[in-house]
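Protein chains in written order, with our numbering: chain A, 1 to 116; chain B, 117 to 229.
No lab work stands behind these hints: they were computed from the structure. Warning: the hint list may mix true and false statements.
[To be verified] Sample of chain B residues facing chain A (criterion: CB under 7 angstroms; computed from the structure):
(1) LEU150
(2) PRO160
(3) SER221
[Claimed, not checked] Mimicking DSS-like on lysine-lysine, the simulated pairs with C-alpha atoms at most 27 angstroms apart in a straight line are:
(4) LYS121/B <-> LYS187/B
(5) LYS184/B <-> LYS121/B
(6) LYS153/B <-> LYS27/A
(7) LYS187/B <-> LYS44/A
(8) LYS184/B <-> LYS172/B
(9) LYS184/B <-> LYS44/A
(10) LYS44/A <-> LYS121/B
Where a beta carbon is used, it is the ideal one built from N, C-alpha and C, also for glycine.
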Amino acid sequence: NAGVMQNPRHLVRRRGQEARLRCSPMKGHSHVYWYRQLPEEGLKFMVYLQKENIIDESGMPKERFSAEFPKEGPSILRIQQVVRGDSAAYFCASSPEAGGGNQPQHFGDGTRLSIL
Amino acid sequence: DQQVKQNSPSLSVQEGRISILNCDYTNSMFDYFLWYKKYPAEGPTFLISISSIKDKNEDGRFTVFLNKSAKHLSLHIVPSQPGDSAVYFCAARGSGSARQLTFGSGTQLTVLP
Chain A
1 NAGVMQNPRH LVRRRGQEAR LRCSPMKGHS HVYWYRQLPE EGLKFMVYLQ KENIIDESGM
61 PKERFSAEFP KEGPSILRIQ QVVRGDSAAY FCASSPEAGG GNQPQHFGDG TRLSIL
Chain B
117 DQQVKQNSPS LSVQEGRISI LNCDYTNSMF DYFLWYKKYP AEGPTFLISI SSIKDKNEDG
177 RFTVFLNKSA KHLSLHIVPS QPGDSAVYFC AARGSGSARQ LTFGSGTQLT VLP
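The task is simple: from the sequences and hints, build the whole structure.
This is the structure:
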């Protein structure tokens, strides 16, 4: 999965703390997607961003979760006041155009978030 | 509401034989379908895709078939190799503003040497 960089790879937080997950898209890609994978399940869409804009956040919980993709720097997925149910693998994907066009979304290796 | 379903959580195949992974969907608005392979502790890696206007796409050992009337697609791997052992996810692209991918729950393929 060279190209889409996510960090940290593993993140441990206690309940009530904040978690920040970072994603740098592939070079030349300006569209970023965040997905969450719970154990034994497929990936579920959370949010779609372009530079400085949230295009679709229909899959993101209304409270405690936020995302940004600033003009400079990586996309950030922020989870405030984490709870045990937030434990999951969070994947970022990027594409060169909206919806991927005829190009597939390319994924990073994910951040495994564990809540104690 | 699971719009993309992979009903077989696991599949074992002998090396050299054909692997067939299946996927069903319910949303007729999906216009593009993809298969991803995933190893533990890594992200999904794109394998092959097919547009809804086609019924077959082939790339080397991998062929994807789409049956729109049955809302069914399948991935054929032939010949199967031990390195193909991984979880395979079927994904469909929707018509919403994000054109985000909707994933199935995956099938663990094990290719036995």
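PRO160/B as an interface hint toward chain A, with CB separation required under 7 angstroms: At 5 angstroms from the nearest chain A Cβ, PRO160/B passes the 7 angstroms test, so the hint holds.
SER221/B as chain A interface residue, shortest Cβ-Cβ below 7 angstroms: holds (5 angstroms)
Hint consistency between LYS44/A and LYS121/B [alpha-carbon to alpha-carbon, up to 27 angstroms]: It holds: about 13 angstroms lies between the C-alpha atoms, which stays within 27 angstroms.
Agreement of LYS187/B and LYS44/A with the hint, judged by alpha carbon distance not exceeding 27 angstroms: Holds, because 21 angstroms separates the two Cα atoms, which is no more than 27 angstroms.
Hint check, LEU150/B versus chain A [nearest Cβ-Cβ separation less than 7 angstroms]: holds (6 angstroms)
Restraint status (C-alpha distance of LYS184/B to LYS121/B at most 27 angstroms): holds (15 angstroms)
LYS121/B paired with LYS187/B [C-alpha distance capped at 27 angstroms]: Holds, at about 11 angstroms.
LYS184/B paired with LYS44/A [C-alpha distance capped at 27 angstroms]: holds (23 angstroms)
Pair hint LYS153/B and LYS27/A, alpha-carbon separation not exceeding 27 angstroms: It holds: about 22 angstroms lies between the C-alpha atoms, which stays within 27 angstroms.
Given hint LYS172/B paired with LYS184/B - CA-CA distance at most 27 angstroms: Given that 27 angstroms is the threshold and the Cα spacing comes to 11 angstroms, the pair holds.
Checked against the numbered hints above, the structure breaks none of them.
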